[in-house]
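Trainee: Chains A and B, in that order, are what the protein sequence lines are.
Residues are numbered in this note's numbering as their position in the first sequence, beginning at 1, plus a constant of 292.
Residues are numbered in this note's numbering as their position in the second sequence, beginning at 1, plus a constant of 280.
I should point out that these hints are in silico values taken from the structure, not numbers from a laboratory.
Using N, Cα and C, we set each Cβ at its ideal position, and we do this for glycine too.
Some hints here could point you the wrong way.
[Stated by the list, open to error] Now the stretches of chain B that chain A is said to cover, found in silico as 3 or more residues with beta-carbon under 8 Å:
hint, region
1, 557 to 569
2, 572 to 586
3, 656 to 668
4, 715 to 723
So the chains spell out like this:
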Amino acid sequence: MATPAKPSHPSGDKRFKMLDAAMKRHGFEGHALLEILHQAQELFGFLADDVLIYVGRALKLPPSRVYGVATFYNYFSLAPKGDHTCTVCMGTACYVKGAGEIVEAVVHAAQVKPGETTADGKLSLVEARCVGACGIAPAVVFDGEVVGKQTADTVLARVKGWTEP
Amino acid sequence: MNREELDALVERARAAKASARQRVAVCCGSGCQSVGAEAVLKRLVEEVKRAGLEGVRVHGSGCRGLCEKGTLVEVETGELDAPERHLYLGVDESAAARIAASHLASAVPILELGAADHGGFFAQQERVVLEGSGRVDPEDLDSCLAAGAYAGLARALGDLEPAEVVQEITASGLRGRGGAGYPTGLKWSTVAKSKGDRKYVICNGDEGDPGAFMDRAVLEGDPHRVLEGMAIAGYAVGATQGYVYVRAEYPLAVKRLKIAIKQAEKANLLGSRILETGFDFRVELRIGAGAFVCGEETALMASVEGRRGTPRPRPPFPAASGLFGQPTLINNVETLANVPAILRKGSGWFASIGTAKSKGTKVFALAGKIARTGLIEVPMGITLRQIIFEIGGGIPDGKAFKAAQTGGPSGGCIPAQFLDLPVDYESLATVGSIMGSGGLIVMDETSCMVDVAKFFMSFCKDESCGKCIPCRAGTVQMFQLLDGITRGRGTVEDLARLEELSDLLRATSLCGLGQTAPNPVLSTLRYFRDEYLAHISEKRCPAGVCPIARPAVSAPAVPGHRAGFIEIGGGD
Numbered sequence: 293m294a295t296p297a298k299p300s301h302p303s304g305d306k307r308f309k310m311l312d313a314a315m316k317r318h319g320f321e322g323h324a325l326l327e328i329l330h331q332a333q334e335l336f337g338f339l340a341d342d343v344l345i346y347v348g349r350a351l352k353l354p355p356s357r358v359y360g361v362a363t364f365y366n367y368f369s370l371a372p373k374g375d376h377t378c379t380v381c382m383g384t385a386c387y388v389k390g391a392g393e394i395v396e397a398v399v400h401a402a403q404v405k406p407g408e409t410t411a412d413g414k415l416s417l418v419e420a421r422c423v424g425a426c427g428i429a430p431a432v433v434f435d436g437e438v439v440g441k442q443t444a445d446t447v448l449a450r451v452k453g454w455t456e457p
Numbered sequence: 281m282n283r284e285e286l287d288a289l290v291e292r293a294r295a296a297k298a299s300a301r302q303r304v305a306v307c308c309g310s311g312c313q314s315v316g317a318e319a320v321l322k323r324l325v326e327e328v329k330r331a332g333l334e335g336v337r338v339h340g341s342g343c344r345g346l347c348e349k350g351t352l353v354e355v356e357t358g359e360l361d362a363p364e365r366h367l368y369l370g371v372d373e374s375a376a377a378r379i380a381a382s383h384l385a386s387a388v389p390i391l392e393l394g395a396a397d398h399g400g401f402f403a404q405q406e407r408v409v410l411e412g413s414g415r416v417d418p419e420d421l422d423s424c425l426a427a428g429a430y431a432g433l434a435r436a437l438g439d440l441e442p443a444e445v446v447q448e449i450t451a452s453g454l455r456g457r458g459g460a461g462y463p464t465g466l467k468w469s470t471v472a473k474s475k476g477d478r479k480y481v482i483c484n485g486d487e488g489d490p491g492a493f494m495d496r497a498v499l500e501g502d503p504h505r506v507l508e509g510m511a512i513a514g515y516a517v518g519a520t521q522g523y524v525y526v527r528a529e530y531p532l533a534v535k536r537l538k539i540a541i542k543q544a545e546k547a548n549l550l551g552s553r554i555l556e557t558g559f560d561f562r563v564e565l566r567i568g569a570g571a572f573v574c575g576e577e578t579a580l581m582a583s584v585e586g587r588r589g590t591p592r593p594r595p596p597f598p599a600a601s602g603l604f605g606q607p608t609l610i611n612n613v614e615t616l617a618n619v620p621a622i623l624r625k626g627s628g629w630f631a632s633i634g635t636a637k638s639k640g641t642k643v644f645a646l647a648g649k650i651a652r653t654g655l656i657e658v659p660m661g662i663t664l665r666q667i668i669f670e671i672g673g674g675i676p677d678g679k680a681f682k683a684a685q686t687g688g689p690s691g692g693c694i695p696a697q698f699l700d701l702p703v704d705y706e707s708l709a710t711v712g713s714i715m716g717s718g719g720l721i722v723m724d725e726t727s728c729m730v731d732v733a734k735f736f737m738s739f740c741k742d743e744s745c746g747k748c749i750p751c752r753a754g755t756v757q758m759f760q761l762l763d764g765i766t767r768g769r770g771t772v773e774d775l776a777r778l779e780e781l782s783d784l785l786r787a788t789s790l791c792g793l794g795q796t797a798p799n800p801v802l803s804t805l806r807y808f809r810d811e812y813l814a815h816i817s818e819k820r821c822p823a824g825v826c827p828i829a830r831p832a833v834s835a836p837a838v839p840g841h842r843a844g845f846i847e848i849g850g851g852d
C-alpha cells in the first residue's frame, strides 16, 4: 500500500518517529486505533491533546472519534501520571478482604483521591477493576509490581517511602 | 511441515523430555510471581548448574492453582506417561536450594515442604482445560508439543471434513464457558452455514468479572491450547482470520501469546497452508483497554474495529454479520481451550464427564473468605459443599459460611441452604444465580450482603457504557438506593423500588450488562432480606461493615459517584 506523506511532528521529538513506525506497521488503518493509542501511551506516559490530534490526522480519523475512544476506555490516561503509581485492586475478592480500607488509608495519608495524582506529582492512586490476582487478595500494584496479601499498614509503609522527601 | 513431520517433531520433543531424569516445573503464574517465583526459578537453575547435576531439566510453567501457597514447584521423575510427581508448596530461595541439594542431587524428597494437607485440594479436580497449565513450559513449543499440543488440529485437518469437526463438537455437548452456556456446536454450525466474503474467529479474553482469573491462567499457562482451539474453530466454520482479545491488565498473558503466535507461525501450525493442507489461518492479538462492557460480543467487536466498545442490538447476530460486517464466531477462552482435547480424545470421552445437560468440567477461581484460594477445575455436577469445604478447605478462622457469589456482577449470592446444589448451568439458574465465567467468591459472617450488592451495583454503574438509558440511569438510581440503605437512610419502600427498577433494567436494557446488573440485588433481597431490614428499621449492619455500624469513622469517599440525572416515579 502507498505510504501517505510523512505526517512527521514539527517538534522533532523522537517518540513521534516511533509512533509513526507503529502506525505504518498497521498500514495507517483506522481499526488499529486502540493499538496505536496503547503504543502512544507507552511512549509518552499519557495521551496529550497534541498526540491525539497527531494520531487522528495520520489515521484519517476525526478528532471526535479519537477523543471518544481515548476517554471511553479506563486504561487510557489524558493527564500525566505521578512519579510513582499505587494501584489498589478493587475486584470482588480484594474488596471482601479489605481493599476499600487500603484505599481509604492512602486517601487520608497522601491526600489524594483515587484516579488522581498528588499536588507534588509524586504519587498517583489508582483503583483497578481486577488485576486477576484474586488468589493472593488483597493485591496492590506498586509501579507495575504485583504484591499480594496487603494491609493498610504495609501499603502505607511503601507509599510513605515514595512521598516523603 | 506436514503431519508426519509434526509427529516426528513430537517424538523428538518427547524423547528430549524423557531424557531428563528429573523434570522440575516452577509455577510462574501471576500469583506465584508476586511472591518471588522468578527468583526461585533462577536459584534452582543456578544450583543445578553449580552442582553439575546431569539429567535435570528446570523450567517455568503456568498456574498450578494453589495460589495461596506460592511458590509451587513440582518435581517429576520417571516415565513420561506414568511419572512420579512431588509437589512443593511455599518454596522460597532457601527452600529451592534445599530441594536442589536433596531431591535433585540425591533423589530424596523433602517431605515437610510437601505439606500433606493439599491432598484435598487436588483430589477431586479433573483437569481438561488446565491439563497443561502448570506442567508445560508456556514459552517453549516443544514442551507443549510433547504434552499433545496441536494433535487435535492435526486430526481435524488430516482426518475430518469441516462439517465433521462441527459434528464432533456438537456431540461432545460443550457449552459456552463465558457464562450463558449456549451450545458451542450450534454456534459453530450457524457460522459455518453463513455466507460471507471472509469469516472471523474471535477469542474473547476480556475477563472483566472482578474476582475471576481463569482465562488469565489459561492464556499465561498454556497459550498454544487456545491458539489450537481457534485454528480448529476456523477450519470448522471456514474462517481464515482470528483475533485474540485480551485485557491490557494481563501483560504476562499478552507477552506469552505474542511468543506463542510467533512460534506457531514459524512451525507452520498457523499461517498459510497449515500442515501442508489447503487451510490458512492467521491470528492477531488485540489488547483491550479496560472496559467491562467489552465482554459483550457486539461491544467486543466494536473494540476490535478500533471504536468505542458499545453494544448494538441483535439481530443481526455476529454469526450472520459480525466483525467488519462478516460472519463471526466468538467464543470464550475456556470454551476454545476445551476444543483441542475434544478433538484429541473424542466427543464420547468429553460427554462422559459432567451431568446430562452440562458436559465436561468448569474452571473456578476460588477467592474471598476461604482457606485455599486459587484456581480449580472440577467436573460439572459437583456440589458447592465439595468445592468450598473439601477442595477449598472451608472458611478460615472458625467463621461461619454465609454465601457463595458466582457470576460476578451478573450473578447472584447462593446461601447456605443450597450448599448441596450440583454446580451446572440449570441448577445455578434455579436459585437465581448463573454459572458465569467462573468467579466464586466465598463470604462469611463478616460480609454484609447489602454492601456486596452495593459493591456490584457501583461496578455496573461505573462500567455502564451509557448507550442505553435504562442501564445508564437505572444503575445510578439503584446504587443511590443501596448507598442510602448502607448509611441508615433507607426505607421499606426503597426495597419495592429496587425490585421495580430491577424489572425495568432486566426487560429494557440493550445488552447483558444492564439486563443482568440487578441479579446481585435480587438474589440478596431474596435470601438476605432480613439484613436489608436490619439496616432499614434497626439502623444496624449485622456484619458491622456498613457506615452506619461505625459512626466514629468518617464516611469513605465514593469515587466516580455522580448524581442521578433523571427522576423516577414513586414506587406506588
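Trainee: Decide, hint by hint, whether the structure agrees.
Mentor: Hint check results:
no.: 1; hint: 557 to 569; in the structure: holds (count 4)
no.: 2; hint: 572 to 586; in the structure: holds (count 5)
no.: 3; hint: 656 to 668; in the structure: violated (count 0)
no.: 4; hint: 715 to 723; in the structure: holds (count 3)
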